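Enquirer: Using the supplied hints, reconstruct the complex from the two chains, each of which is provided in its own coordinate frame.
Quick mapping for you: the protein sequence lines, in order, are chains Y and W.
1 is the number of the first residue of the first sequence in the numbering used here; add one for each residue after it.
1 is the number of the first residue of the second sequence in the numbering used here; add one for each residue after it.
There may be inaccurate statements among the hints.
Unchecked claim - Under the rule of at most 20 angstroms between Cα atoms (straight-line distance), these lysine to any residue pairs were calculated in the SDA-like manner:
1. W:K65 <-> Y:V208
2. Y:K346 <-> Y:E368
3. Y:K161 <-> Y:L28
4. Y:K261 <-> W:W100
5. Y:K161 <-> Y:I126
6. W:K65 <-> Y:W211
7. Y:K261 <-> W:F120
8. Y:K171 <-> Y:L134
9. Y:K337 <-> Y:N303
10. Y:K352 <-> Y:H276
11. W:K30 <-> Y:F144
12. W:K69 <-> Y:P15
13. Y:K261 <-> W:K30
14. Y:K352 <-> Y:H330
15. Y:K161 <-> W:Q27
16. Y:K337 <-> Y:D282
17. W:K99 <-> Y:L134
18. Y:K161 <-> Y:V98
19. Y:K261 <-> W:L12
20. Y:K182 <-> Y:L134
21. W:K65 <-> Y:R214
22. W:K65 <-> Y:P15
23. Y:K352 <-> Y:F45
24. W:K99 <-> W:L126
25. W:K98 <-> Y:I126
Said to hold, decoys possible - Covered, in the sense of this in silico footprint (three residues per stretch, anywhere, with C-beta under 8 angstroms from a C-beta of chain W), are these stretches of chain Y:
26. 80 to 89
27. 130 to 136
28. 232 to 238
29. 272 to 278
Rather than coming from a laboratory, the hints here were simulated on the basis of the structure.
Please read these numbers as outputs of a predicted model, since none were measured by experiment.
Just so it is clear, CB atoms sit at the ideal spot from N, CA and C, and this is done for glycine as well.
Below are the chains, spelled out letter by letter.
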Amino acid sequence: MQSLLYAFRQALQTPSRNPRTAVALGRLLGFAFILCFATGIYSHFIQDPLPGMHFLTRPVWLYQVTQGIHITAGIACFPLIFAKLYSIFPLLFQTPPVKGVVHLLERASIALFVASSLFEITIGLINTFQWYALFPFPFRQTHFSISFVVIGSLAIHIAVKLPIITRYWAKKNAYDENGEVKPLEEHENDDLVRLPLTDIGIGVTSRVFAWIDRAPKPKTPGTNRRGFFVTVGVAVAAVVGLTVGQSVRPLDFANIFAPRKAGVGPNALPVNRTAHAAKVIDDAMSPHWTLTVTAGNVTKDFNRKQLEAMTQYQVDLPIACVEGWSQMAHWKGPRVKDLMSRVGAKQGVSVKATSLEKGSSYAVTTMEPEFAWDDLTLIALEVDGATLDIDHGFPARLIAPARPGVLQTKWLDSIEAL
Amino acid sequence: MAVRLWRYGLLLLGLALLGTGAVVLAQEVKPTRYIGILVWFIGALIIHDGIIAPTVFLITVVMRKRLSKVPTVVVAIIQGALVVAGIITLIVVPEVLKKWIGTLSSSILPQNYALHLGLFYAALVLLTALAVAFYRVIFTRRQKLLSSADQA
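This is chain W alone, in the form it adopts within the complex (with noise of 0.2 angstroms):
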């Protein structure tokens, strides 16, 4: 009963916020505008569920398939690595476009951004080896620990 009194409550809750975005909406930006944001919100449907989603399926069934003697852990550190690198590359990028571009003050993308992109993606990699290196080591001692433990 609670729980069902909490949905009508959000429900009617988030009818009532979509209807002031409308309102807000109607009162701010200009009705040719509309165009625009529907082509965004289109957009942003089919970058995320018809480019980027498939993509990293694809990479984690090849990975899956090329990688399946690698041990479980290696391959979800380099799984882990390639999206961390996948996402800052998404967040950097079209600040390297902008300053290119150019800004109208010298203090908006004061950085050089492709630079430390670059020294990004190195830290990433080596610090993706060590991880797997330091697994490596974890994972053999452990081996041996447990051979000597069946020997004994």
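For reference, chain Y alone in the conformation it holds in the complex (with noise of 0.2 angstroms):
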């Protein structure tokens, strides 16, 4: 069994494998993966906030920009990560795989963190286009979870490696007179040689790893590392570059892979929840529909004329969703904090916000009140100079600034003082 291990680890040897490629690409992945452990973690608890939270409502696309970020850094994990495995993969086969109980118990920390990343990245793209039928679990809740577990491993992770971080964080310390990684200590006799395989003396393996011995090795080390290098520069700039338009409007034009793109939908921005989806058709198209207002004991109805024959405001917010996909447009309709007003409500409350939707988990909205009394929330009657489209709302919907789409409320019931 050692021996087979032991051969495993010869075969896989090649230049671009050393520690010096795993802290480079470490750097890389741990970055990426912090940012989408912050931006997730805004989006979180913009979502559900803890007592006393509260949330800047300028600039306007900061919500965007940082769900772009979350999307576009988890896509660029995927070169990352397979490369980052590639660098260490003969690790995999380290002879004897359990020194002790210290060992053991970083073996199992690495399997942690390499199972929870890739599934974590895995069921976050699976996401951005709702195939939920693939997930025997809640993705929001799970995905939430399983991003402590990823972080929590990698600071693990770190803490473990953190000699072999600090002696190949910088290049100059990393490369030795002739350009060659300087080699491990520990494992200067067997990591890092490679050693001819053929008396290895296990029949028939030794005779695959023998014809797997007798592949030439790479002639030029430096050319097979900067070759790694680059395939994954471009592996990353490919995923990137061809994803995201779906969030930054002037890349649109390369979008051919984005599971959004920009000015595909009614009123030429695209949906998540169609009006079908959500069952509301008949009760928003009903010409008795009214929006509820309250705030105490005041209550009051406005039909849509009613709501266009008050104040008009513009405004050019983006429709933003956690999903990583944005799209700026041009809302017109009453302030909130005008129907507010008008029913009485104290001024700096918070806002709750109904949907016609049923069942749904987001039916029911509570915007804090930074968001609710903000001079650019508004309900929206219009958007980009034409009615909303019944899939983006109509009759009304809520539209604030910094905020997931998921929240911005369509086909609103009522909305009432806290």
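Expert: This is how it looks when you write it as structure tokens:
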């Protein structure tokens, strides 16, 4: 067994698999993970704030940018994690497999780190096109809880590997005078030296390894290493460049693989949840529809004509989704705070918005005071110069600055001062 | 000493975050769903360590054997193109499948991903061929320069 593991490790040796490569890639991947975690946590708490939390409403594109970064960094993680795992793959076959309790824990933590990282970025990607049938778990809650596992195991991994990380962090310390990566002392005898594998004496397997070993070794290790990094760079540029147009409009021309496309949808805006899927068409199209506005014991109903008769404001705000896509739009309608004043709501209170949609976890949302009383927060009746499409929330929807699209409640039924 | 302090600090931070993850999981996800998460975890390891990594290794060995006479740079360009094609395929094929199954909104997966993937492969082949041709020209010119320098 030991010979077999040893043979695997030897066969997998290549100049690009070395501690310096692992550290250089680890830095990039760690940075991408932290970006994803920070932007994900921001999105989580803006949707489920803890008591006393307040959020910025400016710049208006704050949420749009953070979630664009979340998804783009997440996509970039695919080539980065594959490259990182490639650089350390021979260590999977280290001998002896377990040296003691501490070593067992270390290997278990790496297994958890790799599994949770692959899991997290994969379900994140699949969620962007809502293939929920593949998930035997609730996406949002699972993605949130496993994010702590990923970052926790990242911290443990850095702690365990810190001596190697510090040693190979700077390029000048990582290479010798011939431009070769300096070997790690503890593995000097077996890790980075290619040995003939014809004599390991394990029957058919030995012949397989001998066949592998007879493959010519790379003639120019420097070219091999540079080629590896160029490949990783091109792969990251490809996955990011061909999808980021869903978040960054000037790059829309290159968006051929993202699950959303700017300008595609009713009112030339993408739609996540349609009126049909939300089962609101009859109620939303009813001529008797009114928006019920309540503060304490005071309740007033406004039909669309009455809403249109109020002072109309026009604002440019993005519709931005946690799934990474976003698009700026021009919205028109009365301010939420004007409606609240009509029913005598106390300035600075939170506002609950209820949709005509039933049974969805986002049918009822709460707007914190900083959003509800913002001058830019509207009951939108029009978008980009046209009446709201039914899929965009006709007869009326919320639109507020720096807020997730899923909280910009569509098909409004009522708003209430809390 | 400083390294040791950092190590303990990071270890404690990591354990605290793992604990937080466990608490959040217990609060937000029903225990009956844990088995599904575990299956995904194990599946991810099997797919990477058992399928993707050995396949990449096998392709590398075969290429190293078959293309032993080809300049290293050319082999690196071809291998790089294969890696890029493979990663894009892994990301785009699920979109092709989901689009084929159908989505709840016409804005979700609105593009022709299968066609785009085909065009991407074609462009990649073209760019790879150009990169190889470019290298060949440079390489030949350099060889000529070297041999004329030798003769001089």
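Enquirer: For the region 232 to 238 of chain Y, count the residues whose Cβ lies under 8 angstroms from any Cβ of chain W; is that count three or more?
Expert: holds (count 3)
Enquirer: Next pair to validate is K182 (chain Y) with L134 (chain Y); report whether the Cα-Cα distance is within 20 angstroms.
Expert: 45 angstroms, violated
Enquirer: Verify the proposed pairing of K337 (chain Y) with D282 (chain Y), using a straight-line Cα cut of 20 angstroms.
Expert: Measuring from Cα to Cα gives roughly 28 angstroms; hence the hint is violated.
Enquirer: Take a quick look at whether K352 (chain Y) and H276 (chain Y) sit within 20 angstroms of each other, Cα to Cα.
Expert: 24 angstroms, violated
Enquirer: For the pair we were handed, K30 (chain W) and F144 (chain Y), check the Cα-Cα distance against 20 angstroms.
Expert: Status holds; Cα separation ~14 angstroms.
Enquirer: With a cut-off of 20 angstroms on the C-alpha distance, tell me whether K98 (chain W) and I126 (chain Y) pass.
Expert: OK: K98 (chain W) and I126 (chain Y) at ~9 angstroms, within 20 angstroms.
Enquirer: Check whether the Cα positions of K261 (chain Y) and F120 (chain W) lie no farther apart than 20 angstroms.
Expert: Satisfied, since the Cα-Cα distance of roughly 18 angstroms is no more than 20 angstroms.
Enquirer: In terms of beta carbon proximity below 8 angstroms, does the region 80 to 89 of chain Y have 3 or more residues touching chain W?
Expert: holds (count 4)
Enquirer: Tell me if the straight-line CA distance from K99 (chain W) to L126 (chain W) falls inside 20 angstroms.
Expert: Violated, at about 28 angstroms.
Enquirer: Hint check: K99 (chain W) vs L134 (chain Y), CA-CA at most 20 angstroms. Holds or violated?
Expert: Distance of about 14 angstroms is within 20 angstroms: holds.
Enquirer: Between K65 (chain W) and P15 (chain Y), is the straight-line Cα distance small enough, at 20 angstroms or below?
Expert: 17 angstroms, holds
Enquirer: Would you mind confirming whether the straight-line C-alpha gap from K261 (chain Y) to K30 (chain W) stays at or under 20 angstroms?
Expert: Measuring from Cα to Cα gives roughly 35 angstroms; hence the hint is violated.
Taken one by one, the earlier hints fail for this structure at numbers 5, 8, 10, 13, 14, 15, 16, 19, 20, 24, listed in ascending order.
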